[in-house]
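All residue numbers in the sequence shown are consecutive under our numbering, ending with 626.
Hint data in this document are derived by calculation from the structure and do not stem from the laboratory.
Incorrect hints may appear among the rest.
[Claimed, not checked] With a Cα cut of at most 20 Å, we get these calculated PhoX-like pairs of lysine-lysine: (1) K426 to K407; (2) K258 to K219; (3) K338 to K317; (4) K430 to K373.
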Amino acid sequence: MRKNTIYSVLQQILPSKNGSSPPFFLNLPLLSDSLLPCSSFPGGATGRAAAPFVTSSPSPFAADEHQPGCGVNFEAFQMDSAGQDFQPRTFSIKLWPPSESTRLMLVERMTVNLSTESIFSRKYGLLGKEEAHENAKRIEQLGFTSADEHFKREPDGDGSAAVQLYAKETSKMMLEVLKKGPRITAESEAPVSDTPLGGDSVLDISGGKRAFIEAEEAKELLSPLTKPGNSYKRICFSNRSFGIDAANVAGPILESVKNQLTEVDISDFVAGRPEDEALDVMHIFSKALEGSVLRYLNISDNALGEKGVRAFSELLKSQENLEEFYVMNDGISEDAAKALSELIPSTEKLKVLHFHNNMTGDEGAVYVAEMVKRSPNLESFRCSATRIGSDGGVALSEALGTCTHLKKLDLRDNLFGVDAGIALSKTLPKLPDLVELYLSDLNLENKGAVAIVNALKQLAPQLEVLEMAGNEINAKAAPAIAECLTVMQSLKKLTLAENELKDAGAVIIAKSLEDGHADLKELDVSTNMFQRAGARCFARAVANKPGFVQLNINGNFISDEGIDEVKDILKAGKNSLDVLGSLDENDPEGEPDGGDEEEDDEDAKDDDDEDGLDLKLQNVQVEQDD
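Whole structure, please, built from the sequences with the hints as guidance.
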């Protein structure tokens with residue numbers, strides 16, 4: 001098993017509300033990230049976010065990593081410690097039982113996830129805070145009792161098996177609660193077989209075994225829509241593959257209820273079908289739903305390309321009130337992006353637009369930019385992992401300037417480069433409502449990163465999530481980043497992983513986080529080539545922050561003595577060792593590369609004298625602009 005503390009293990013199954021995916025749990029291999037609501041993405045577009053905690057290999061039908069969680073990568077998290085080479089001095093950790101604070105933290109995290117808008121709340125209703133908290137406490141107590149009894153019967157040393165069972169039982173019970181919905185709708189647990197007589201309701205056939213649907217099964221599954229007086233407004237046909245015969249059954253049924261529908265999820269509904277048949281199925285559904293007045297439409301995971309987009313032409317052309325539109329993992333090329341831009345007549349009401357994991361490129365980005373320009377009310381825009389380079393990045397950045405209500409922007413895992421980064425920096429001051437910003441893996445380098453953080457100082461009061469991992473940022477950019485962070489007092493999550501800060505940059509940035517930042521909960525500075533001095537400073541920066549839950553300093557070159565010092569600092573503060581993430585990829589004997597860059601010369605000289613560097617930078621003052 002990976003040498004995690006118990007909280008960092010449990011965090012894999014209970015991701016946070018800010019910048020990470022919504023609750024996805026054990027035994028859900030059939031759910032695709034295309035089903036996720038707009039506010040649920042962050043963590044993951046690049047593969048950096050934690051995968052759901054599972055105990056068996058995922059189904060062959062599990063969604064591929066499009067995110068990295070909306071996103072959600074259904075990669076198995078194996079709890080096998082047999083093959084690991086533990087170093088007792090550094091990694092001897094007893095995982096069971098969890099501390100009282102960890103258990104309380106888990107209850108709070110579950111409460112947030114149970115009461116947060118998600119695909120489950122769309123299907124079954126949203127739990128109130130009080131009901132969610134009651135269920136969270138009950139679930140945690142039952143899960144703990146079950147795992148503790150197992151540990152007492154079969155002690156396994158570090159308690160990893162008990163943690164595994166704790167996670168498994170907790171996730172199962174959470175899923176049961178979500179499917180039951182709030183108390184007032186508990187009787188509607190199986191909406192497919194029941195016909196609601198009033199109110200808002202959803203017909204969801206995405207559960208059960210994933211398989212091809214033929215005519216007879218389609219008739220049975222969709223029969224609730226044929227009953228007089230039904231009030232279904234939302235349908236979810238995802239993860240069921242319709243053939244031409246099943247589509248011919250579904251078409252007339254959908255046409256009969258299209259005037260009452262407001263939300264349609266037909267993501268991943270032609271999987272495994274020959275292209276010609278898939279296109280015919282799409283056309284049948286499109287024709288049947290033409291003229292419906294939808295606020296939500298999800299056509300993700302259908303490998304559309306231009307042909308697929310045009311197969312949906314009747315449906316798309318008739319939509320003038322869309323508020324949420326998801327076209328993820330659809331093979332959206334330049335021609336497909338052009339078709340989308342042409343076919344949708346109005347995007348003025350659009351609040352959510354997600355294009356994650358497509359092959360859009362620079363040319364396609366121009367057409368996406370046109371859609372963005374026509375969407376002044378956008379609140380959440382995701383265009384991650386779309387192969388967009390510098391020219392497309394500039395066009396997209398400029399277009400975003402019209403979206404003055406934007407709250408969440410995710411552009412991760414593209415090839416923007418410096419010029420697009422500078423273009424984006426000019427747009428950011430026009431987005432006063434921005435709360436979450438995901439800019440990892442964009443090749444920004446120092447120049448692009450500095451331009452962006454200088455612009456962000458104007459957004460500092462409300463920005464809660466900032467991710468700039470994997471951008472080749474080194475110590476030269478650290479003062480500008482630190483100056484920005486100093487005024488960013490609402491920050492809850494900061495990710496600067498996979499850069500080249502080394503000790504010099506790490507110490508400067510850590511100092512900027514020491515004072516204030518009472519809301520900070522997660523800090524990821526893994527894989528930044530820093531050593532003992534940087535690690536100590538980051539530990540000091542978070543040791544006394546109330547509610548802080550995760551410090552990731554993995555993948556660096558921290559000596560054994562440095563690790564001990566980090567632990568002592570955390571123990572002496574208000575937070576316990578539970579906040580320290582895994583150190584399995586730390587190299588205590590490693591050293592940062594000397595580097596050829598001019599700015600690294602002085603740092604290289606000081607690498608062998610960490611104490612001297614720490615003293616040298618300990619009194620760094622980060623000045624704030626008036």
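To see whether the hints hold, each was checked on the structure:
1. K426 to K407: Within the cut-off at roughly 17 Å; holds.
2. K258 to K219: holds, 17 Å
3. K338 to K317: Distance ~14 Å between K338 and K317 Cα, so the pair holds.
4. K430 to K373: Satisfied, since the Cα-Cα distance of roughly 14 Å is no more than 20 Å.
Violated hints are absent here; each numbered hint is respected by the structure.
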